[in-house]
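Sequences are here, hints too, so could you generate the full structure?
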Amino acid sequence: MHEVVSITAHSEIRLQSAPSPMPLQVRNLTFATDNTEILKGIDLDLATDHLTVLMGPNGAGKSVLLRLLHGLLEPTSGDVRWSGQPLTKAIRKEQALVFQKPVLLRRSVSANLNFALGLRRIPDRAIRLKEALADLGLESLARRPARVLSGGEQQRLALARALILKPKVLMLDEPTANLDPASTLLIEQAISKVRRSGVKVIMITHAPHQARRLAEEVVFIHAGRITEHKPAKAFFDRPESEAARAYLAGEILI
Amino acid sequence: MQDFAHSFTLAGELIVSGNEDLAEIIALSMRVTATALGISALIGLPFGAILAVSRFPGRGAITVLANALMGLPPVVVGLSVYMLLSNAGPLGPLQLLYTPTAMIIAQAVLITPIIIALTRQVIADLNAEYADTFHSLVVPWHTAVGALLWDARFSLITVLLAGFGRAVAEVGAVMIVGGNINHVTRMMTTAIALETSRGDLALALALGMVLLLIALAVNGAVAFLRGTERSAAHA
Ligand SMILES: Nc1ncnc2c1ncn2[C@@H]1O[C@H](COP(=O)(O)OP(=O)(O)OP(=O)(O)O)[C@@H](O)[C@H]1O
Ligand SMILES: [Mg+2]
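First to last, the protein sequences are chains X and W.
According to the UniProt record's numbering, the first sequence is numbered sequentially starting from 1.
According to the UniProt record's numbering, the second sequence is numbered sequentially starting from 1.
Think of the hints as simulated: they come from the structure by calculation, not from any bench.
Be aware that one or more of the hints could be misleading.
[Stated by the list, open to error] Here are a few chain X residues that face chain W, going by a calculated C-beta distance under 10 Å:
id, residue
1, L104
2, R107
3, A116
4, L141
[To be verified] Simulated crosslink set (DMTMM-like; lysine to aspartate or glutamate; CA at most 20 Å straight-line):
id, chain 1, residue 1, chain 2, residue 2
5, X, K101, W, E20
6, X, K101, W, D200
7, X, K230, X, E240
8, X, K168, X, E188
9, X, K168, X, E139
10, X, K89, W, D132
11, X, K101, W, D3
12, X, K89, X, E74
13, X, K233, X, D180
14, X, K101, X, D173
15, X, K166, X, D135
16, X, K233, X, E74
17, X, K93, W, D132
18, X, K40, X, E228
19, X, K233, X, D49
Here a beta-carbon is modelled for each residue, glycine too, at the ideal position from N, C-alpha and C.
Rendered as structure tokens:
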């Protein structure tokens, strides 16, 4: 695919061809329901050392693709491989996905985090819990029932729960849709922090400014196909496909 | 009319004075039904939850069966348990017929399908919400079942109260397997049936009032729990 890039927006990170603990390889992936083909033959290679942003219009198939990458949906045909292996439980345990609509257990904020911690053998649980709460500004909400949290707080908790198990791959489906600037900033900071620690991040967003701030590379999906996959700067400066140009022009008009 | 008014007065006196016969009957009823409910809960909650989350051949059939058995006529349950426990039956040697244990068994058989079917529905609804998250976090199935049961606990208590209400008010099954023996297997419902037919309306009415109070208390508890759950979700 494309070569190693150095990114201006992230001047502090100089990307190198570092060893990739979990590179992704997708071959001819299709996903169809009874009468519609939602993804039509996706080929995609992602190295571990980029923050990849998936963009594309509503209904393009971004969320479906992310679910397929994480094994929440079974492909109709084609192949998803991480580190050259098909999706096993062991591989999926190294991944975390934050859904477009956060799903939280009917428990307190810290009980939601403790539930995740209880799933793996983790020695320093109390420390992890404190860190996770602090990273997403949830300390004062720790005892509150998750269901009464505001939308932004719920989204932060969902991200905290995803991060608390220290995944190697973090997938985010529009993590800041509907959030105010302060919550958006908190979440973006958390994402940047895990990215710097070497976690592979794949995120979907419709916010062009957010994509410019965070993306190191962009994969553009239109009507079930990848029409562009390139370094973020190149994508925003010179979108090649008609669909991407229209999408970006539309965003600017709004 | 005069007689009825008199019976009511006597019934009230029986309750207020803490009549021993009355207390004994109520205590036995409560003990039998609470034990039956405990057994049904131990079987029905996990079984209903597993039915809700797992995929195995025959699962659909079992669900349909549990739903059908919810409407099991108590006298049919009584008859089946009677045949099981009678001298000629497979459990005859245990000599359980006409004991409180027999009534516990009958009530448990009666309400276990109710607990299973209602639990399955409650857990299936919650699982529809949780399933993707559990799958994403790679939650083992037994942890998932435990978490679903815990998080649905308010609704599940409502389910148990429904089972309790059905068992405590039931007369046919306990009459057949218990025999309504004074001081041994006389329950509230069987005593009401007997005393009414004998014309001792005072005791029947007193027991009827207590039963009514229990039914009201159960319904009140359900309403209260629904309220608590709602305010816990939206406070
Ligand atoms: N499990 C499913 N079964 C059938 N159709 C589905 C399923 N999931 C998604 N779809 C359909 O696939 C198409 C793509 O959905 P997807 O959620 O991937 O869109 P998206 O690119 O994430 O859009 P948005 O930006 O609005 O979130 C939609 O038309 C949707 O209705
Ligand atoms: Mg989507």
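Handout entry: Violating hint indices (sorted, rising)
Key = Numbers 4, 5, 6, 9, 11, 13 and 16 - these are the hints that the structure violates, sorted from lowest upward.
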